[in-house]
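Sequences listed follow chains A and R, in order. First residue of the first sequence? That's -18 in my numbering, and the numbers climb one at a time after it. First residue of the second sequence? That's 38 in my numbering, and the numbers climb one at a time after it.
No lab work stands behind these hints: they were computed from the structure. Where is the CB? At the ideal position from N, CA and C, for every residue including glycine. Incorrect hints may appear among the rest.
Claimed, not checked - Rough simulated footprint, nothing fancy, chain A against chain R, three-plus residues with beta-carbon under 8 Å:
(1) 73 to 84
(2) 139 to 145
As the list claims (entries may be wrong) - Using 25 Å as the maximum straight-line C-alpha spacing, the simulated DMTMM-like pairs for lysine to aspartate or glutamate come out as follows:
(3) A:Lys30 <-> R:Glu81
(4) A:Lys30 <-> R:Glu93
(5) A:Lys30 <-> R:Asp99
(6) A:Lys39 <-> R:Glu40
(7) R:Lys120 <-> R:Asp99
(8) R:Lys120 <-> A:Glu(-4)
(9) A:Lys30 <-> R:Glu38
(10) A:Lys39 <-> R:Glu38
(11) R:Lys79 <-> A:Asp66
(12) R:Lys115 <-> A:Glu45
(13) R:Lys79 <-> A:Glu52
(14) R:Lys115 <-> R:Asp100
(15) A:Lys95 <-> A:Asp66
(16) R:Lys115 <-> R:Glu93
(17) A:Lys30 <-> A:Glu69
(18) R:Lys79 <-> R:Asp108
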Amino acid sequence: AQSVTQLGSHVSVSEGALVLLRCNYSSSVPPYLFWYVQYPNQGLQLLLKYTSAATLVKGINGFEAEFKKSETSFHLTKPSAHMSDAAEYFCAVSLIKAAGNKLTFGGGTRVLVKP
Amino acid sequence: EPEVTQTPSHQVTQMGQEVILRCVPISNHLYFYWYRQILGQKVEFLVSFYNNEISEKSEIFDDQFSVERPDGSNFTLKIRSTKLEDSAMYFCASSAPLNSPLHFGNGTRLTVT
Chain A
-18 AQSVTQLGSH VSVSEGALVL LRCNYSSSVP PYLFWYVQYP NQGLQLLLKY TSAATLVKGI
42 NGFEAEFKKS ETSFHLTKPS AHMSDAAEYF CAVSLIKAAG NKLTFGGGTR VLVKP
Chain R
38 EPEVTQTPSH QVTQMGQEVI LRCVPISNHL YFYWYRQILG QKVEFLVSFY NNEISEKSEI
98 FDDQFSVERP DGSNFTLKIR STKLEDSAMY FCASSAPLNS PLHFGNGTRL TVT
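Chain A extracted, bound-state conformation (with noise of 0.2 Å):
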């Protein structure tokens, strides 16, 4: 079984600070792991995915994030908030089968971005 844990449900940042959001894992098989973003009334967003290539992923609007096997973790970041980054971010960890990709998502976190 896989399971995400995101520490910090809120999480407030200024413009244009670093933003950094924090993903811990486990799973049973080497993990497919994702982020994705939820803007207010909106449906989910992938962000980036780690699919056991490069450890440093590189995603949308200037995210990226690392996965380090030795820590469990997927963090995630960005060098300078942007008030458009205010949203709710999941990190998620898949089990793929032969009949689907079954994801298993963190808390979220929800980011303010204050001016």
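Chain A is already provided as a structure; the job is to place chain R on it using the hints.
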């Protein structure tokens, strides 16, 4: 870019009534999913569907729930007799090759009164 579309965006129903939530997955995708998010809680897996049958379902997906792909384009979730605790945002998703990311719709907010 192709999108997963869900209708309606909001649905209010009375306890005990049947509801059908509709989804149009991306046209060349083969795998289809329903997830739900109860207010303030995690996004939870409900069911996956491939090759015209359920491939996996969670313990949440009991006999009150069913899925169908009636016409090759729509993918529906039916709740036969809604309960108050079924109130949630329901997300449809689809994916193409097996290890490709899921694409999610904007969700249907179901409120059971």
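Here is how each hint holds up against the structure:
no. : hint                   : in the structure
1   : 73 to 84               : holds (count 5)
2   : 139 to 145             : holds (count 6)
3   : A:Lys30 <-> R:Glu81    : 19 Å, holds
4   : A:Lys30 <-> R:Glu93    : 23 Å, holds
5   : A:Lys30 <-> R:Asp99    : 31 Å, violated
6   : A:Lys39 <-> R:Glu40    : 22 Å, holds
7   : R:Lys120 <-> R:Asp99   : 13 Å, holds
8   : R:Lys120 <-> A:Glu(-4) : 43 Å, violated
9   : A:Lys30 <-> R:Glu38    : 18 Å, holds
10  : A:Lys39 <-> R:Glu38    : 20 Å, holds
11  : R:Lys79 <-> A:Asp66    : 20 Å, holds
12  : R:Lys115 <-> A:Glu45   : 38 Å, violated
13  : R:Lys79 <-> A:Glu52    : 23 Å, holds
14  : R:Lys115 <-> R:Asp100  : 10 Å, holds
15  : A:Lys95 <-> A:Asp66    : 11 Å, holds
16  : R:Lys115 <-> R:Glu93   : 16 Å, holds
17  : A:Lys30 <-> A:Glu69    : 17 Å, holds
18  : R:Lys79 <-> R:Asp108   : 31 Å, violated
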